[in-house]
Amino acid sequence: MIKTRQSSHFLNGLLDSMYGILFHPATTMAALACEESLPFGLSVFWIAFVSGLAPFIQLAIQGGTPTFLWLAVPLSILSGLVSWGFVSILIAGLAYAFRQPFYLEKLLTLSGFSTIPWVLMGFTLLFKASLAGWGTILFVLFSLIIWLWTVILYSMAIGKTYQMHAGQVLIVLAMPFGMSVIWMAWLVGFIGNIQQLVSP
Amino acid sequence: MVPSEPSTRPIALGLLLISLFALGLGLFNTLSAPKASVKYASGKPEQALDVSSLLKKQQPHLQLLELTGMITMGEGGEGGLFEQESNAMTVRHGLEDAEEDNNVKGVLLRINSPGGTVAMSQELNEAVKRVSLKKPVVVSMGDLTASGGYYTACAADKIIANPGTLTASIGVIISTMNLSELLNNKLGVHAVTIKSGRFKDILSPYRTPTPADVQLIQTLIDDSYQDFLNTVVAGRTRFIKDAALRQKRIASIKAVADGRIVTGRQGLTAGLVDEIGDQEVAVARLNEMAKQRFHIKGSDLLPLETGEKRFDLAEWIGLNSKSIVSGLTATTPAGQLPRLPLSARYPNQLLWMME
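Chains as they are written, first to last, in the working numbering: chain A, 583 to 782; chain B, 3 to 357.
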């Protein structure tokens, strides 16, 4: 009885979060940020679900023989969860460096929900599958919209977690990119110097 | 918890289920398409989706494919930091695309090649044949369409050459260098070879070929040559219904099928070429054939698509193979590789259809 109630609670939470994130993202994210137990589990589920769909989406777009699909799905779920964790730790670490609270679980929860629009990729495949020519263009267009939608939701997740406004979120997102370019330039320069030193 | 009303749950559930259903449908559609598995089984690399080209290609058009340089399966160019697809492989993929694309109503294959490896020439010949079953293919010969280049061309519906084009060279070649005297007598170097069978070091530059070696290689050459000749004869006589004319064409082809190079005009006489003309003539002929085959009305020429060049990272960052190679071969005339035997220039390839 308790188990049934728990699963029904989970399913309702799943559907509510999906509807809320898609149509009322700001209110839903604010509410999710205040919740304690269920949201984190739901976000893990969404990440796993969306990552698990990825090989099927790729297969539907490109074709091929799905010999290793049984392996591709768990690997995709694993890599999705790992990269989700990695990016979140990176951003939480950045926030912590600038004297913000770490808030990793909150960030993981909200950023996990930001991937919900990827579930709609199936719709875009309908265009590709059923309409020749223009269908492919619509497929590309809608895929771009989903991608942009996810990026915006991800930015909102960062904003809600650390109480930042849009400009600050943009800086947080741009900083790792800018630093990676600088680090790469330093690394190339360093290797170049070493090469000059060791070459006769 | 998340702000919600009971009415929103069915909407979310519906969205989720429809999206999953659509994904399933997309999967089914892709996997049930017979071409898809063939296309990717052939090792075709994924191509980025280009929206502008998709818009451009919605209308019926002719496709231009350019086969230039050596016909080999390996990487293209003459080396470089990044592996590039060879031009022959690009053309083969282009032929596959043209075969599948219903908007392509005909293919113009512009060839400027001295030939190449036997296997790759055969693959191109087969690819042209497959396209030719669905839509007309016209070959326009440039400076040189010899040996493997002609092997590819002879599968087309029509061959058009310039009067001065060099073509034919119907034959197969294997070459090597015998360095044994130089190494033994001049340098005092003695090669040591341990082998599992007497032919394992056949064509080794460290020893003189034995009569048995020569005989074995000759059978190899003869077999490939017979295939070459049969392919040319089949390609060049397939539209001739009259038996006497057919025999006459076969005889004229065999008369020049001894490895010789002929001009476009001589090729016309020998039945290797259908018409003398430049690329414009070839486009006009292809246009006529496409309109006739697909019952397209109107006097306008169908647009000729040149195809997109694949993105080349090496070229983009200024490390294209040509610039590197020109530095390495500075002592040779511009644009030419040293005239080494084929075995030295391409150690991984043995059998050649080359002028």
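If you are wondering where the hints come from, they were derived from the structure by calculation, not from laboratory data.
Keep in mind that a hint or two might mislead.
Claimed, not checked - A short, non-exhaustive set of chain A residues, derived as facing chain B with CB atoms under 8 Å: (1) L597; (2) Y601; (3) L635; (4) I639; (5) A642; (6) V701; (7) V733; (8) I734.
Ideal Cβ placement from N, Cα and C applies to all residues, glycine included.
Against the structure, the hints come out as follows:
1. For L597(A), the shortest C-beta to C-beta distance to chain B is roughly 4 Å, which falls under 8 Å, so the interface hint holds.
2. Interface hint at Y601(A): satisfied, since its Cβ lies 4 Å from the closest Cβ of chain B, which is below the 8 Å cut-off.
3. The interface hint given for L635(A) is met, as the beta carbon of that residue sits about 7 Å from the closest beta carbon of chain B, less than 8 Å.
4. The beta carbon of I639(A) comes within 7 Å of a beta carbon in chain B, closer than 8 Å, and the hint placing it at the interface holds.
5. Among the interface hints, the one on A642(A) holds; its C-beta lies about 4 Å from the nearest C-beta in chain B, closer than the 8 Å criterion.
6. With a cut of 8 Å, the hint placing V701(A) at the interface with chain B holds, because the nearest CB-to-CB distance is about 6 Å.
7. With its C-beta approaching chain B no nearer than about 20 Å, V733(A) sits outside the 8 Å limit, and its interface hint is violated.
8. For I734(A), the interface hint is violated, since its Cβ never comes within 8 Å of a Cβ in chain B; the closest pair sits about 19 Å apart.
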